Amino acid sequence: MDKIVPAQYQPALPLEKLILQDGSDGAGDRMELDVLIVGAGPAGLACAIELAKLAKADGTELNIAVLEKAEALGEHSLSGAVVNPRAFRELLPDLKDSDFPFRGPVTKEAVYLLTPGSKLRLPTPPTMHNRGHYVASLCEIVRWLGAKAEELGVNLFTGFPAAQLLVRDSAVAGVRTAAAGLDRDGTPTAGGGGQAPNDLVAKVTALAEGTRGLLAQAWCQWQRVPSANPQIFALGVKELWETTQPLDRVIHTLGWPLPSDAFGGSFVYPLEPNLVALGLVVGLDYRDAALDVHVLLQQFKQHPLVRALLAGGEMIEWGAKTIPEGGFYSLPERRSGDRVVLLGDAAGFVDVPSLKGIHYAMQSGIYAARAIFHNLKDGSALTEYDRLVNASYVAADLYRTRNMRLAFRDGFYLGGIQAALMTLTGGRFPGRKYRMHADAEVERRVSTPSGVVKSGISKVDAVFKSGNATRDTIPSHLIAAQDVPSDVARFYSHVCPAGVYEATDSGLRINAPNCVDCKATDVLGPRWTPREGGSGPKYKRM
Amino acid sequence: MTTLAVLEQRDGTLRKISHEVVTAAQRLGGAVEAVVCATGPVQGADQLGKFGADKVVTLTNPAFARYAPEACAQALAERAKQGGYRTIVFGATATGKDLAPRVAAQLGVGVAEDLTDLAADGGGLVVTRPVYAGKALLKVKVAAQPAVVSLRPNVFTPVERPKAGTAETVAVNVAAGRVTVREIKAAPAGTLDVAEAQIIISGGRGLKEPANFKVLEELARAFGGQAAVGASRAVVDAGWRAHADQVGQTGKTVSPSLYIAVGISGAIQHLAGMRTSKVIVAINKDKDAPIFKVADYGVVGDLFEIVPKLTEEIRKLHG
Amino acid sequence: MKIAVCIKRVPDSETRVKIAADGKSLDAAGVKFVLNPYDEFAVEEALRRKETAGAGEVAVICLGPAAAQETIRTALAMGADRGVLLQADKIPADPFETAKVIAAELNSTSWDLILFGRMAIDDYNTQVGTLVAELLGLPCVTAVSHLDLEGTKGVAEREIEGGIEVVDFPLPAVLTTDKGLNEPRYPALKGIMAAKKKPLEVKPVQPGVGALEVAALTPPPERKEGKIVGEGAGAVGELVRLLREEAKVL
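Chains A, B and C are the protein sequences, given in the same order.
Residue 424 in the working numbering is what sits at position 424 of the first sequence, and the numbering runs on without skipping anything.
To convert, count from 1 in the second sequence and add 542; that's the working numbering.
To convert, count from 1 in the third sequence and add 861; that's the working numbering.
Since the hints were derived computationally from the structure, they do not count as laboratory data.
Among the hints, erroneous ones may be present.
Claimed, not checked - In silico DSS-like pairs for lysine-lysine, Cα to Cα no more than 25 angstroms straight-line:
1. C:K1051 with A:K203
2. C:K1085 with B:K827
3. C:K1088 with B:K835
4. B:K683 with C:K893
5. B:K677 with C:K893
6. B:K794 with C:K1059
7. C:K1058 with B:K794
8. C:K1085 with B:K681
9. B:K829 with C:K1085
10. B:K858 with C:K1109
11. A:K465 with B:K794
12. B:K829 with C:K1088
13. C:K863 with A:K148
14. C:K951 with B:K677
15. B:K794 with C:K1085
16. C:K1109 with B:K558
17. C:K1040 with B:K727
18. B:K820 with C:K1057
19. C:K885 with B:K683
20. C:K1088 with B:K677
21. C:K1109 with B:K851
22. C:K1040 with B:K820
23. B:K681 with C:K879
24. C:K1059 with A:K56
25. C:K951 with A:K465
26. A:K148 with C:K1059
27. B:K820 with C:K1085
28. A:K148 with C:K1051
29. C:K1040 with B:K677
30. A:K53 with C:K1057
31. C:K879 with B:K794
32. B:K835 with C:K1109
33. B:K681 with C:K885
34. B:K835 with C:K879
35. C:K1057 with B:K681
36. A:K203 with A:K17
37. C:K1058 with A:K56
38. B:K851 with C:K1088
39. C:K951 with B:K827
40. A:K465 with B:K835
Only a predicted model underlies this, so the values are computations on that prediction, with no experimental measurement involved.
Just need the whole structure built from these sequences, with the hints factored in.
Pasting the structure below:
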């Protein structure tokens, strides 16, 4: 086998399992709410806060709940991150920037083009200017927003993954959560730990599941909501280091160690002078089946630029997450439907050229809250949410850069030239939409990895540093095709940064408990489904 | 300044921790008075002079046939009040952990528990105790009068410092107490838990297939029932061994006196589960395996040759 | 059944220990705090006993900082009826002082059962339950891994080295709970919701200084550099000699 088209081995989204008639058997508790928000990330929590504030100002009682699959707030949240504070200011206008959970303003920044042994300083592209922005940990942002939401009376349920969409006709009625306390074979664990799924039903459900949201995908497919281009993704692998050398600037790099037919780059951000977040992001439309983002990050750390910074330091956390990169043309045609809205990364509100998504996520949550509030109040349509987003800076920003990421489908150099032209023309060049294939449709060439990298940390150690202590005996939550060829198994083993997949003599081995919910193989191979609440990573300052 | 060393007996025989307690007490300088609660003479008590006990006191009462928490506590607290000891040393065994705070409370103080080190410091003590699962050591100044402490077992290696110890037997008049031990059930045979075992032999993927664990089971048997067989997460995930045997991450954290890692490469999550073992031996064919970084003793090579040879040697030792 | 459960807020067992600038405590930055795992067994047991009895109350008592209200809410979400936070910024280094504060609170009510976890996973103390029992003059059984109650009589099992002690005791009593006693329940959605409305009383307390003082908190010593004894079966003889004579573990 010398070529792989991943889509050929990818099981279909199990829609028949994901869409469930409300009232179906099998649930334990049933809870009725006014608004149910799925996912306690920046989008979901901003939505909850704005809704609670609107209700309070209006003197109405709203029963709002946020479901989160992580055991505690923020533990499944990962981002760079440099944050544009704009949506924070709109959500909480009484607070100053210094009240927000940021680590510090960006004062200096540098962009480099790397070669194996040296670096070339590039002028910072206009889209990447970060003056007025702040370095932050998304985990900390989420915990802070969660506390604000709770103060306003929002119910936060952590440790409850939404597994199925409850529907009535074409309307979304709520969600059913994943069961907990089951053994590998699906029977309750000894000692009576088993817990049946719960049904949460609401007048409006907001899907804010984050990147590659399962129920958002299911809803779009079920309701046949198209997008101009399929959504495309990147995988980011990130480490947090305590360093002995201080860092005073935000750094981005392009080039090495990525091959020229892959799109991506690195980031190095100081949370504190001696607490540094660094990571590598690679578009999942890369062509070499042996490319491995985790391994590339380990190589990247050997570059003189980074090696000097990390010398004598200690890696204290590790994590991985995908990023929806398709931009404007990959947004679902509508992000609202019958009793449902899609927010944040689940809808695809990310601007790759500026490397930003958090403030768009929050802004979408704010707009959704306003539309939901009116809908509950006077029955006005939820399409108001789409109207608000389309008329806002969110849509305008994504439209301006609509083709920039897409141009890189042609490789780093051609892409770079086209992106530069787009910047110069304010997005008008080339005056047409770039057509994209879904990542899984992109053909990969089979190759052998160029030498084993011994430096850096192994995937097993990485998973340990993600805080992942998933019970080893939970039922597998990953759906892979039967009998995948060994080249494909090897491909999966490179795609997954957490060592979930291994190519063995007897075929594909799946170490399901290792999974850190990054969703990379959900994009390119085996499907991800939710598992027992509280499973997966326990990020602290990612 | 006299230190009171509280011994432990079961069925009239002194337990090993007693030597450790006397050894540690003796380190504080001054006289050491060893005390044990029993129904009559305790086998092994006469040997304590060898470890530095100046005096061995046997407190007798019919209630002491089995561990009698309240009766022992009362007897010891009364003895302590009369004796004016500066320090009272217990072993942090299941019994010692139960008894020490009872005695301490009756003396109006708390216990410095589970010590790995202690030293006299002016009028008081400075002690060290592992906290946060052994991830840090807490150094504490103890000003309590008397200072009541308990020692982590297997840390204070008994040292022989012979003294011409005297012996005394005192029948004490104490109530049997409200809490009484009805019986001691033997732990279910053949199921030595990895969390309890003093010796653990763990296997990883280097074993190649589940059936090969019999090599490790034979080695465990050679230790005469003191050893348990553990496993790395990789082989547990593969279904070769039960999850109860897993060491590390979501498995168990262990700290036996001897940990033998066979065919285990040493992922951080495994190391985190066993790095507080007293002595670590690694047997692995890859000399660069991370396990060798934490191992005290490493043997590089084919485990299927090395382990049987080791089994043979251990069998010789245990006759 | 009227049951008190004394709980503690502790750093998660996966916490990476970083020493604070004072050299005496844990740097709490980025640390996640949870309900002490052994206390979960105590909460679970209390709930089961109350459920079996069909009536009664489970009160949760916690000495700790204001943030420990969250820890109490966790127990309330599992099903406990009410909580009391004995609020103090610092938990005393001397467990006897902790015990005095808790005993004073417990003393105001008469309980059928008072439960503690067998130990706290942060400071590794196993004594506070016993100290409290002594201060209250109640019988106490520690490290209970199996429990039968009938009327005012109880039979408990506790693991000891190489065996299991079967212990008789009368109620009311103080018990400390060990692994194996039960499988703590997952908080249910309705429980989490209900927990918000359950009474949680906050009482400021000022524990005494006590007779134990923390001098330093330090990382454990690095393991001594190990040695490769040799290669292959030929090295076994030397390995056994080293284990006997140098390491003294055989």
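Structure-based check of each hint:
no. : hint                : result
1   : C:K1051 with A:K203 : holds (19 angstroms)
2   : C:K1085 with B:K827 : holds (22 angstroms)
3   : C:K1088 with B:K835 : holds (9 angstroms)
4   : B:K683 with C:K893  : violated (28 angstroms)
5   : B:K677 with C:K893  : holds (16 angstroms)
6   : B:K794 with C:K1059 : violated (36 angstroms)
7   : C:K1058 with B:K794 : violated (37 angstroms)
8   : C:K1085 with B:K681 : holds (21 angstroms)
9   : B:K829 with C:K1085 : holds (18 angstroms)
10  : B:K858 with C:K1109 : holds (17 angstroms)
11  : A:K465 with B:K794  : holds (18 angstroms)
12  : B:K829 with C:K1088 : holds (11 angstroms)
13  : C:K863 with A:K148  : violated (36 angstroms)
14  : C:K951 with B:K677  : holds (21 angstroms)
15  : B:K794 with C:K1085 : holds (24 angstroms)
16  : C:K1109 with B:K558 : holds (15 angstroms)
17  : C:K1040 with B:K727 : holds (18 angstroms)
18  : B:K820 with C:K1057 : violated (46 angstroms)
19  : C:K885 with B:K683  : holds (12 angstroms)
20  : C:K1088 with B:K677 : holds (23 angstroms)
21  : C:K1109 with B:K851 : holds (20 angstroms)
22  : C:K1040 with B:K820 : holds (24 angstroms)
23  : B:K681 with C:K879  : holds (16 angstroms)
24  : C:K1059 with A:K56  : holds (23 angstroms)
25  : C:K951 with A:K465  : violated (29 angstroms)
26  : A:K148 with C:K1059 : holds (21 angstroms)
27  : B:K820 with C:K1085 : holds (11 angstroms)
28  : A:K148 with C:K1051 : holds (22 angstroms)
29  : C:K1040 with B:K677 : holds (21 angstroms)
30  : A:K53 with C:K1057  : holds (20 angstroms)
31  : C:K879 with B:K794  : holds (23 angstroms)
32  : B:K835 with C:K1109 : holds (21 angstroms)
33  : B:K681 with C:K885  : holds (9 angstroms)
34  : B:K835 with C:K879  : holds (22 angstroms)
35  : C:K1057 with B:K681 : violated (40 angstroms)
36  : A:K203 with A:K17   : holds (22 angstroms)
37  : C:K1058 with A:K56  : holds (19 angstroms)
38  : B:K851 with C:K1088 : holds (20 angstroms)
39  : C:K951 with B:K827  : violated (50 angstroms)
40  : A:K465 with B:K835  : holds (19 angstroms)
Hints 4, 6, 7, 13, 18, 25, 35 and 39 from the earlier list are contradicted by this structure; the remaining hints agree with it.
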